[in-house]
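Visitor: What follows is each chain in one-letter form.
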Amino acid sequence: MENTSYDIRQLNDKIHQASSFVDILNMEINKVIVGQKYMVERLMIGLLAQGHVLLEGVPGLAKTLSIKSLSSAINARFSRIQFTPDLLPADVVGTMIYNQQRNEFMVRKGPIFANFILADEINRAPAKVQSALLEAMQERQVTIGDTTFKLDEPFLVLATQNPIEQEGTYTLPEAQVDRFMLKVVIGYPTKEEERHIIRQNLQPEGQVKINPVVDPADILEARKLVRQVYMDEKIEQYIIDVVFATRNPEDYKLAKLKPLISYGGSPRASINLALASKAYAFMKRRGYVIPEDVRSVCFDVMRHRVGLTYEAEAENVTSENILSEILNAVEVP
Amino acid sequence: MKGIKNILVYTLLAGLFITGRAQAQEQPDTQYNDYFKVTARPDTTSIRIGEPVKIGITARVVIRSLKGANIKVVFPNLPDSLNHIEVVERSPLDTTGSTEDEKYWKQTLTVTSFDSGRWELAPMKFEVFSVSDGSYDSVFTDPIFIDVNTVAVDTTKAFKPIKPLRTVAWNILDYWPYLLPLLLVITLVVLYFAYWRKRKPKAAPAPAKPLKSPYETAMEQLQLLEKEKPWNTDVKLYYTQLTDVLRHYFEQQFHIAALEQTTAELLQNIKPVTVLNQQRDKLQHILTLADLAKFAKLQPAPHEHEDCLNKAIEVVEWTKRTAAAQTEQSLTGTNQ
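Residue numbers (the working numbering), protein chains in the order written: chain A, 1 to 333; chain B, 334 to 669.
It should be emphasised that the hints constitute simulated quantities derived from the structure, not laboratory data.
Quantities reported herein were computed from a predicted structural model and do not represent experimental measurements.
Some hints could be false.
Stretch-level coverage of chain A by chain B, calculated; a stretch enters the list once three of its residues show a Cβ under 8 Å from a Cβ in chain B [what the hints assert, rightly or not]:
{"hint": "1", "region": "291 to 300"}
{"hint": "2", "region": "319 to 330"}
Going by beta-carbon spacing under 8 Å, a handful of chain A positions derived as facing chain B [claimed, not checked]:
{"hint": "3", "residue": "L202"}
{"hint": "4", "residue": "D232"}
{"hint": "5", "residue": "K234"}
{"hint": "6", "residue": "Y288"}
Using N, Cα and C, we set each Cβ at its ideal position, and we do this for glycine too.
With these hints in hand, go ahead and build the complete structure from the sequences.
Guide: Dropping the structure here:
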C-alpha cells in the first residue's frame, strides 16, 4: 500500500510538472481568443486524449481562430477544409496525378496531411466525403492509390457543424458522430468578453501574433502521461453507471427516461469518458481522477451518444436534459 | 188410386217444404250454390250506441266439384261508412280452416253504429272467378239487422251526484317504464364505482417512522467507526464509510442530495444552509482528504484518520440544535 501511495505521489508530482505547459498554452491562446475558455479547454482535452472534437455553433464564434491559434502555439501544421456539397473525397485525402515528364502517376497529398485539421461545416458535404474524413480520423492513416500514408502526430480534427435545422445540410450519421470524442456546443460570449473582442480586433497594430510555446513532442509525451493518470475502480464504476443509465435508465430509478431514449452510450462512450476524464485531471495537474473530472466532461462526451426518440423531440427534451437527470440520480462514489 | 196418388204428391210436397224450411232456419244468413257457400254471422244483433258488433264472414269452396278448375274468390269490399253503420276494423283473411276437400276463408268485420234504431247491413256480394275458363259467378249473404239502443234514463228520479274519483290499487308494474331506466342508471353507476375502486391504485403504505433521528443515526455510526477503528485494516473503506455517514446525514437532515454530488458540488450546495456553511472548512478538509484516500490511494498519516473522525463528529454536533429543532418541527407537522 505504501508503495502504491508513493507511486501515486510520484505520478502526481510528475504530472504536476509535465502539465505546466497547459497553462502556458492557455495563456498564449488567450492572447487572441477572448472568452470561449470552455471551448479552448475542450480542444486541449481532445489534444491530450487523442480524440477529435465536433463543434456546434453559429458562425463567428472564433472556432477557426481557436484551432489556428492552437496549431500556431504548438508549432504544428494547420489546414482548413471548407466542406461544400460538391467536395470530393480526393479533395480531402489527396489523389494520384499523372506526371507527363516522368511518365508516371504521382501522389498529391490532400489537406488532411497536417497536425490540426479544421473541417469547417462538415455537414454541408455529402456522406461520401464525410466518411472519407472520418475513416482517416479513425485509422490515422490514408490510402491513395496503392500507397498507405500514416498521418503525422499529433493529429486532431476539429469539425464544425451548423445546427441541423439549417437547410442544405447532410446530418452526420450516428455511427460517424460516435467517432468524435467530444461534441462541444458553443455559445455567445458575454457582454464584457464581446467588448474585449471589439477592442482587440480594432487596435491599430492589428491582431496579436501567437508564438510557438510548445513542441509537438511535448504533446506526444503528455499523451503518454494522460494514460497513466490513476483511475480508481470506484471512478470506473461511476463511469459505467452513468453510461449504463443511458441504456437502462429504469435500473437507476429513472424509468421515466426510458421512452425518451432510443439508444444509449456505446462502449466507445465509456472509453472516451474515461480518457477525457484523465485528460481533464491532467489539465488540472492531478495524477488521479476524481468524480468532478467525470462530471465536467460527461456532457461533451455523451451528448452525441444518446439517441432521442420522436417522443423526446416532440416534448423538446434534449440529450443534455437526459444527462442532467442521470447525473443527478447516479450516486457519486 | 187417384186418392193415393194425391196423398203421395202432397206428402212429397210437404216433405220438400219442411226440408227447405229446416235448411232455411239452420242457415238463415247463408247463400250458396253447388260448390260455393258464404255466410255472414254477427255475434249480436242488439247493441247500445257505439258498442262493437263482430261479424264473421266466411266463404267455402268444395274442391271436388270444381274438377280441377282453378278459381279465385273475391270478398266484399265494404266502405268505411254504410247506412248508419261504421266499419271499425277488418281482420286479415284466415285460411286455417281449409281441408283437402274444400277451401275456406274467414274474415271478421267489426262494425258499430252511433244512431239509435234498427239498421240493415245490406247483403254482401262474394264473387268467384274461374282462372281456367274466365267464367264468373256471385253469391250474396243475407242482410243483417242490428238494433241500436240508447241508454235508458229514468227521468222520474233525481240527478245523482258526480261519483268521486276511484282509487286504483297500487301496482308496481304500472311504473315499469320509469323504474327500468332508473334501475339501469343505478346499475351503471354502481358498476362504474366498482371499476373505479378496482382501478384506483392502492394508497402506498405510509413510510415507517424512523426510530432514530438522522442526528442519532449519524452519531451512532460515527461512534461505531471510532470504536472499530477500520483505518487499521482498510483506509479506503474507512474514508468511504466516513463520507457516506456525512452524506446520508446531510441528505436526511437538510435534504441536500449529497449522495449524488461531488465534493465541490456539495461544498457549493451547503452554502444556503448556514449551520453547515459555518463548518465549511472542516467539511472541506474531510471530503478532500477522503477523495484523496478513495481515488488517489493516498495513505494519510495515522493521526489524520482520527482527526477526520473528530471533525466529522464536531460537524454533526454543531448541527445538533438545528437538527433537533427541525426534527421536532417535522414531528409536530406530522402530528397535526
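Visitor: With reference to the structure, classify each hint as holding or not holding.
Guide: Cross-check of the supplied hints:
1. Note: the region 291 to 300 of chain A has 3 residues with beta-carbon separation from chain B under 8 Å; the three-residue rule is met and the coverage holds.
2. With 4 residues having a beta carbon nearer than 8 Å to a beta carbon of chain B, the region 319 to 330 of chain A meets the requirement of three or more and the stated coverage holds.
3. The criterion of a C-beta within 8 Å of any C-beta in chain B is not met by A:L202, whose closest approach is roughly 38 Å, and the hint is violated.
4. For A:D232, the interface hint holds, the least distance from its beta-carbon to any beta-carbon of chain B being 5 Å, beneath 8 Å.
5. Because the closest C-beta pair between A:K234 and chain B is about 6 Å apart, less than 8 Å, the hint holds.
6. At a threshold of 8 Å, the smallest CB-CB gap from A:Y288 to chain B is about 4 Å, leaving the interface hint in force.
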